[in-house]
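Undergrad: Residue numbers (UniProt numbering), protein chains in the order written: chain A, 1 to 235; chain B, 1 to 379.
Certain hints may be false.
Unchecked claim - Among the chain B residues that face chain A by a calculated CB cut under 7 Å, a handful are: (1) H209; (2) C289; (3) E293.
Claimed, not checked - Listed next, with one range per pair, are the computed distances between beta-carbon atoms: (4) A:K215 / B:K185: 30 to 40 Å; (5) B:R115 / A:N191: 42 to 52 Å; (6) B:Q149 / A:A155: 47 to 57 Å; (7) B:S193 / A:K215: 28 to 38 Å; (8) A:L224 / B:R115: 39 to 49 Å; (9) A:R218 / B:K185: 56 to 66 Å; (10) B:I3 / A:Q225: 35 to 45 Å; (11) B:K92 / A:H124: 51 to 61 Å; (12) B:L36 / A:R218: 36 to 46 Å; (13) A:I211 / B:Q48: 31 to 41 Å; (14) B:N227 / A:L202: 54 to 64 Å; (15) B:N14 / A:G163: 36 to 46 Å; (16) B:K185 / A:A212: 54 to 64 Å; (17) A:H124 / B:Q120: 44 to 54 Å.
Keep in mind that the hints were calculated from the coordinates and are not lab data. For each residue, glycine too, the CB sits at the ideal point set by N, CA and C.
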Amino acid sequence: PNLCVPFSCRSAYCAASVASLTNILTPALFAGTAEWIARCQNWEGGIGGVPGMEAHGGYTFCGVAALVILKQEHLLNLRSLLHWVTGRQMRFEGGFQGRCNKLVDGCYSFWQAGLLPLLHRALHARGDPALSMAHWMFDQLALQEYILLCCQCPAGGLLDKPGKSRDFYHTCYCLSGLAIAQHFGSGDLHNEVVLGIPENCLQATHPVYNIAPEKVARAVMHFLQYPVPSLDPAS
Amino acid sequence: DEIGLIPCPEARYNRSPIVLVENKLGVESWCVKFLLPYVHNKLLLYRQRKQWLNKDELIDITCTLLLLNPDFTTAWNVRKELILSGTLNPLKDLHLGKLALTKFPKSPETWIHRRWVLQQLIQENSLPSLATKGNLGAAPVERIHRLVQEEMNVCSEAAGRYPSNYNAWSHRIWVLQHLAKLTVKVLLDELSSTKYWVSMHVSDHSGFHYRQFLLNSLVCRTVTDNNILAQNQMVNEQNPSLQKEEESAGTEAACAEEQSVDLPRRLDEEMELCTELIDNYPGHETLWCHSDETLNNSHHSPATGHVAQAMDVDGLNESSSKQGYTQETKRLKRAPVQDSLGPEMEYRFVDKVLSTCRDVDQARFATAYRKWLVTFLGQ
């Protein structure tokens, strides 16, 4: 009865994202949430919107990112998740599909490819010796090719796939995916892999929040100055 | 029973743009750019308390709006208020939603509102006040059953209108969980009624996922019923009075009836279906994924004392990027007993596929499966 059951993995991610950046994340606020998200992982290895549902790129990212924020990624079967997401990169197009047997879509450049940095970090924390120190576990160049060659609208903006019209959502997530594909790691381990001319290189994006890493730092620093608000209506 | 937009960029004649032919409602496209902003604006003014609309007007306006754009949440919410105040029959919204889905089969807001309406209906199940239509006078169980069947139809239609319709299949699962309570009967009925559909939609991953959900639910159900049976037996042994025996026997009989699920046979049948489809339609990744998972379930069914684990693919360390696995069932057609799962027959099937198939993807999936066999069954 006291469990915080999200409406879907998406809302869990939104809540965890906001709460962690604004320093209001308390154990009570997300009691039971991590376990619920873990139940959304299914036999395919990916995560569905709610327990029992088909694995889906968007929900998988939201679920995993939320768990990273809640520091509970280990509740998932990381191996089957890795297996599922790497299977979603299309061998011909280079981009990612959202679900098995569906078509490629530019926005999954972020939702799917964005899982690899998160997985890399989680597996690294477990001391996996086989992890690369230079590349994510997907074909970074192939993804960049798909985005740059197939997902650009001549009039500006980006899109799902050739033939579709541009929109802000696809512009955002194609660019986010491009940033993920171009930048491995950070600090000493930072490795840039840029397809084409150097000017193609974007700023790196934070793999959990998908905003610039320095903005994440600034937000966290800012809100740390304030006390955590009480849940008590009287105060 | 169906709505649609008639491409008609200009009003040629001075007549209504609404066309009704054989129960299909059409709207000529030229009028939409006048009609939609008009009704949209009217509703917003009402919401902002700048212009009053009476209940009938509200019903008409929201109906029009939602048939043009069913993702307009505010319109659905206005109808929620009307339902809660008793002015609007919730069944009307089920019908409106069904109509909207013929043109917008994915519409998330339509599905969400539908679930809200259904929750209202099952809560009010015992109230006689909603008996405005004949069929509402039926017993609650019968009523729920009809609701469930109707939802299955709506989901099926929507799934047919858009490939791998995630929202339609989610809704279908939700209905089984919350309305039909995942009884064995409904699970088995759904298995048989979706069999034809998935055979006609072999790349529809959502459809096959639904079958996995049904099979998994059956597995869980069997485990639960086994526990109930075991408990009843314990009760019998402790209290051998005649009265108790009769009661327990009754419950046991009920459980036994439910027990006639014959899970291994169901899984075998699923394998048969998979192989048949794989043979007939080469190169569909969905079929191979489905086969693989069904095989996993076969290997770990309650008959062997394990509950099927959803994520039991840990033994597979495949470097191949696709989950391309399959299960052969020619062997199963001959010998339905699980223990005859011989590796040599698996290899024979895969080798047969590899030597006879011409589809590149099919070959790739079969090769991956062969690697998996070595790892998984080689243990």
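Undergrad: Which numbered hints turn out to be false for this structure?
TA: Violated hints (numbers, rising): 4, 7, 10; every other hint is consistent with the structure.
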